[in-house]
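Work out the full structure: start from the sequences and follow the hints.
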Amino acid sequence: MATQHSRSAARIMMAPAVILLLGWMLVPLTMTLYFSFKKYLPLRGGDLGWVGFENYVRFVTSSAFWPAIATTLIIVGGVLVITVFLGILLAILLDQPMWGQGVVRILVIAPFFVMPTVSGLVWKNMFMDPVNGFLAHLWKAFGAEPVQWLSQASLPSLIMIVSWQWLPFATLILLTAIQSLDREQVEAAEMDGAGWFSRFWFIVLPHLSRAITIVVLIQTIFLLSIFAEIFVTTAGAFGTKTLTYLIYQRVLESQNVGLGSAGGVYAIILANIVAFFLMRIVGKNLDA
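Our numbering applies: residue 1 is where the sequence shown begins, and numbers increase by one.
Wrong hints could be hidden among the right ones.
Dumping the calculated DSBU-like pairs for lysine-lysine here, alpha-carbon to alpha-carbon at most 30 Å [what the hints assert, rightly or not]: (1) K38 to K241; (2) K140 to K124; (3) K124 to K241; (4) K241 to K39.
Restraint ranges, calculated between C-beta atoms of paired labels, are given here [to be verified]: (5) F277 to W201: 24 to 32 Å; (6) V118 to D47: 33 to 41 Å; (7) V186 to F222: 27 to 35 Å; (8) F277 to I19: 42 to 50 Å; (9) I92 to L155: 26 to 34 Å.
Keep in mind that the hints were calculated from the coordinates and are not lab data. Ideal Cβ positions, reconstructed from N, Cα and C, are used throughout, including at glycine.
This is the structure:
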């Protein structure tokens, strides 16, 4: 049993790390809150004084605010549906005995280690280019007119790119969960005459519920701040401007740090609202 002395020593040793972590989080947050109440234009006059909640009102009443919120949620929802659905299918497939299983698993997981900017550029230039892209040549081979993916189907294209990058993560988590499944339970159900779908629906899927919850929670946290893929593909055009990209435009393109900081506070609020509902809806599986 730990003594009072040992607990005090542990707190002292942990204190530097805790202080550093709190500083790492609180200093940027404090600066964001501070600048959100000021009119600060670095290249157009600098600090022009305290404006109160004017930046918050201007940002939320902007014509681009609510479309950016909707675009953000559509991208997050679309990527989650695709990665969870295909992740389950790939995890079941990779769990089957096959020749070169280790190599196949590495190839499936590899896209997750590609930087977002690189994956965005690869899809933009090698696959979705309307002249020299792979999909353009494929369309021409079937006698169809190539699609201007990033302008005619901008949101689906962006969801496809981001899903390709996050699918390996979902597959890896779900594959780990499937490998921990009690095989005797599945074999018993098969001997009792249960078909493949029944075994999947009543045994495999409930077993994957906690893994699916983890995938949804972690991906949502990162997807709410998606930026790089948009920056290198559509640059926020054609209805792909998310809340994060809108903040970028206000801070760097418009050089309005105060307005961008107010947008950052709204982004924090949105992330907390989404996280709250996710924890209420699917977070209960973590306690099961």
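Going through the hints against the structure:
With a C-alpha separation of about 25 Å, the suggested pairing of K38 with K241 holds against the 30 Å cut-off. Simply put, K140 and K124 have alpha-carbon atoms about 18 Å apart, close enough for the 30 Å limit, and the pair holds. Distance hint between K124 and K241 is fulfilled; the C-alpha atoms sit about 17 Å from each other, no more than 30 Å. Only pairs whose Cα atoms come within 30 Å are accepted, and K241 paired with K39 is accepted, the gap being roughly 24 Å.
The hint said 24 to 32 Å for the Cβ distance between F277 and W201, and at roughly 26 Å that hint holds. At about 38 Å, the beta-carbon gap between V118 and D47 stays in the expected band of 33 to 41 Å. Restraint check, V186 to F222: a C-beta distance of roughly 33 Å satisfies the suggested window 27 to 35 Å. For F277 paired with I19, a C-beta distance near 32 Å fails the hint of 42 to 50 Å.
Between I92 and L155 the CB atoms are about 29 Å apart, so this pair conforms to the stated range of 26 to 34 Å.
The earlier numbered hint that this structure contradicts is number 8, and it is the only one.
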